[in-house]
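> Taking the hints into account, I'd like the entire structure generated from these sequences.
Numbered by full-length UniProt numbering, the letters in the sequence shown go through residues 1 to 351 in order.
In case anyone wonders, no lab produced these hints; they're calculated from the structure. There's no promise every hint is true.
To be verified - Derived CB-CB ranges, DEER-like: (1) Glu60 / Ile87: 46 to 56 Å; (2) Thr139 / Glu206: 21 to 31 Å; (3) Thr142 / Pro226: 20 to 30 Å; (4) Phe198 / Lys177: 39 to 49 Å; (5) Ala77 / Val150: 51 to 61 Å; (6) Leu125 / Pro21: 32 to 42 Å; (7) Glu234 / Leu125: 43 to 53 Å; (8) Val19 / Arg278: 27 to 37 Å; (9) Val58 / Lys171: 46 to 56 Å; (10) Gly22 / Lys171: 18 to 28 Å; (11) Glu206 / Cys321: 23 to 33 Å; (12) Lys177 / Gly121: 40 to 50 Å; (13) Ala77 / Leu138: 18 to 28 Å.
Said to hold, decoys possible - Capping the alpha-carbon separation at 20 Å, the derived lysine to any residue pairs in SDA-like fashion look like this: (14) Lys93 / Thr142; (15) Lys194 / Asp209; (16) Lys71 / Ser53; (17) Lys194 / Val113; (18) Lys171 / Glu347; (19) Lys329 / Asp137; (20) Lys329 / Leu125; (21) Lys227 / Val344; (22) Lys166 / Glu295; (23) Lys177 / Val167; (24) Lys157 / Lys335; (25) Lys177 / Lys227; (26) Lys93 / Ser112; (27) Lys71 / Gln117; (28) Lys93 / Asp137; (29) Lys195 / Pro207; (30) Lys194 / Arg135; (31) Lys195 / Gln117; (32) Lys335 / Asp158.
The C-beta atom is built at its ideal place from N, Cα and C for all residues, glycine as well.
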Amino acid sequence: YFMRHPDSFFQKSFENALVNPGNPYILRAHLMCAAWECPLSNDDEKIFGSTLSQEREVLEGQGMLRERKQKWYLSPAIAYPAQAVNIRSTGGKNFAVMDTSTDSLLETVEASVAFFQIHPGAIYLHQGESYLVTRLDLTNHTAYAAPTQVNYYTQTKDITDLHIVKVSSNKSLGQVKVYLGEVEVTTNVVGFKKKAQFTEEVIGEEPLDLPPQTFPTVALWFDLPPKVVARLAESGLDFAGGLHAVEHAAIGILPLFALCDRNDIGGVSAPLHPDTGRAQVFIYDAYPGGIGIAEKGFSMITELWQATLRAIAECPCQEGCPSCVQSPKCGNNNKPLDKEAAKVILEGLLG
1 YFMRHPDSFF QKSFENALVN PGNPYILRAH LMCAAWECPL SNDDEKIFGS TLSQEREVLE
61 GQGMLRERKQ KWYLSPAIAY PAQAVNIRST GGKNFAVMDT STDSLLETVE ASVAFFQIHP
121 GAIYLHQGES YLVTRLDLTN HTAYAAPTQV NYYTQTKDIT DLHIVKVSSN KSLGQVKVYL
181 GEVEVTTNVV GFKKKAQFTE EVIGEEPLDL PPQTFPTVAL WFDLPPKVVA RLAESGLDFA
241 GGLHAVEHAA IGILPLFALC DRNDIGGVSA PLHPDTGRAQ VFIYDAYPGG IGIAEKGFSM
301 ITELWQATLR AIAECPCQEG CPSCVQSPKC GNNNKPLDKE AAKVILEGLL G
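Quick look at the structure:
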């Protein structure tokens, strides 16, 4: 996109940095650290916000805080809470990657991406060297990997379901209704492919037996105008492929408007979503509780659609490529995708 629009890069203002201090997973960690320094009180609401009492009750129920005379103290069993707080992620306890040849720690991997990067059989890259993951210990959050020399890399296949919990806001743009709300995302990594380096040829495929991962987050989604659905049906274009292509392209473009990476964003598209009974495209924050990306996309949805349409329409490829509708992290191997259907959908959304 920037190669075709250099002015957008050199003349645009800074992206909008996003922070959500009300994220319960972030707030609870900060409350524990604050209570270690000084007991919490009701007066702290002016510092921590209106959800202070709600999250304080959660921590009290978990035994992390104890109340005495309207003061909340950190449990004596917790020596130094900041040591357990990850300042880069909200995704829970990290996984350690151990080198079995030296019995040493290679690095740590965030729990939210562990099943994608260090599943059994994965080829894991560390400082330019390849390692084969031989075992993943879910109980102790540890992956064991051995140095290897192979001519392939691994790519996971996953199934993601999204359930709408609550609609927080909505707005109408012509015939299109756009929503923002709380959702629950469940991802199940079901297998992986071995793909030859350089040629991308699939040289093997293996199943995986890993537990599903579920987390609450925030998403935006939108309805399609009836005329767009009718036009796609008349033209014989792939409806599901068009929705999928819009999802991919919008996720790739959203970092133009918010200070994030496409890996911070997830998406789901369906010709008939079970929660709404309609065709939907969802774009959600890939972090528990959300960090503000979906809210930014919701507030700039027209600009997002416009930039997404430009990226697709101006790409010289015929059927879709990594520069427009293909995603490097698609769990369905970028199938189905229909570039022309995506253009029809976006043109319809923009009226």
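> So, for every hint listed, does it hold in this structure?
Against the structure, the hints:
1. Separation of Glu60 from Ile87 is about 24 Å and departs from the stated range, judged on CB atoms against 46 to 56 Å.
2. At roughly 23 Å, the beta-carbon separation of Thr139 and Glu206 lies within the given 21 to 31 Å, and the hint holds.
3. The given range of 20 to 30 Å is broken by Thr142 and Pro226, whose C-beta atoms sit roughly 53 Å from each other.
4. The hinted window of 39 to 49 Å between Phe198 and Lys177 holds, with their beta carbons roughly 46 Å apart.
5. Between Ala77 and Val150, the C-beta spacing of about 46 Å breaks the proposed range 51 to 61 Å.
6. Here the CB-CB span from Leu125 to Pro21 is close to 35 Å, well matched to the stated 32 to 42 Å.
7. The hint said 43 to 53 Å for the Cβ distance between Glu234 and Leu125, and at roughly 47 Å that hint holds.
8. Look at Val19 against Arg278: about 33 Å separates their beta carbons, and that is inside 27 to 37 Å.
9. For the hinted restraint 46 to 56 Å between Val58 and Lys171, the CB-CB distance of approximately 32 Å leaves it violated.
10. For the pair Gly22 and Lys171, the supplied restraint of 18 to 28 Å holds, since their beta-carbon distance comes to about 21 Å.
11. Checking the proposed 23 to 33 Å range against Glu206 and Cys321 shows it holds: the Cβ atoms sit about 28 Å from each other.
12. The beta-carbon spacing between Lys177 and Gly121, approximately 44 Å, falls within the hinted interval of 40 to 50 Å.
13. Between Ala77 and Leu138 the beta carbon distance is about 25 Å. The supplied range of 18 to 28 Å therefore holds.
14. Using a Cα cut-off of 20 Å, the hinted pair Lys93 and Thr142 holds, with the two alpha carbons roughly 11 Å apart.
15. Of the pairs offered as hints, the one joining Lys194 and Asp209 holds, with about 17 Å between alpha carbons and a cut-off of 20 Å not exceeded.
16. This hinted pair checks out: Lys71 and Ser53 have alpha carbons roughly 12 Å apart, not beyond 20 Å.
17. At roughly 18 Å between alpha-carbon atoms, Lys194 and Val113 fall within 20 Å of each other, so this suggested pair holds.
18. Between Lys171 and Glu347, the direct Cα distance comes to roughly 19 Å. Compliance with the 20 Å bound is thereby established for this hinted pair.
19. A hinted pair counts as satisfied when its Cα atoms are at most 20 Å apart, and Lys329 with Asp137 does not qualify at roughly 24 Å.
20. Restraint check for Lys329 and Leu125: the C-alpha separation of about 16 Å stays at or below 20 Å, so the hint holds.
21. For the given pair, Lys227 sits about 10 Å from Val344 by alpha-carbon distance, which is consistent with the 20 Å threshold.
22. The straight-line distance between the Cα atoms of Lys166 and Glu295 is roughly 14 Å, inside the 20 Å bound, and the hint therefore holds.
23. Distance hint between Lys177 and Val167 is fulfilled; the C-alpha atoms sit about 12 Å from each other, no more than 20 Å.
24. Restraint check for Lys157 and Lys335: satisfied, since their Cα atoms lie roughly 11 Å apart, inside the 20 Å limit.
25. With a CA separation close to 14 Å, the supplied pair Lys177 and Lys227 stays within the 20 Å bound.
26. Annotation: proposed proximity of Lys93 to Ser112 holds, straight-line Cα distance about 9 Å (limit 20 Å).
27. Pair hint Lys71 plus Gln117 does not hold up; C-alpha atoms about 44 Å apart against a cutoff of 20 Å.
28. This hinted pair checks out: Lys93 and Asp137 have alpha carbons roughly 13 Å apart, not beyond 20 Å.
29. The straight-line distance between the Cα atoms of Lys195 and Pro207 is roughly 15 Å, inside the 20 Å bound, and the hint therefore holds.
30. With a CA separation close to 17 Å, the supplied pair Lys194 and Arg135 stays within the 20 Å bound.
31. For the hint linking Lys195 to Gln117, the alpha-carbon distance of about 15 Å falls within 20 Å, and the restraint holds.
32. Annotation: proposed proximity of Lys335 to Asp158 holds, straight-line Cα distance about 13 Å (limit 20 Å).
In terms of the numbered hints stated before, the structure departs from hints 1, 3, 5, 9, 19, 27, listed from lowest to highest.
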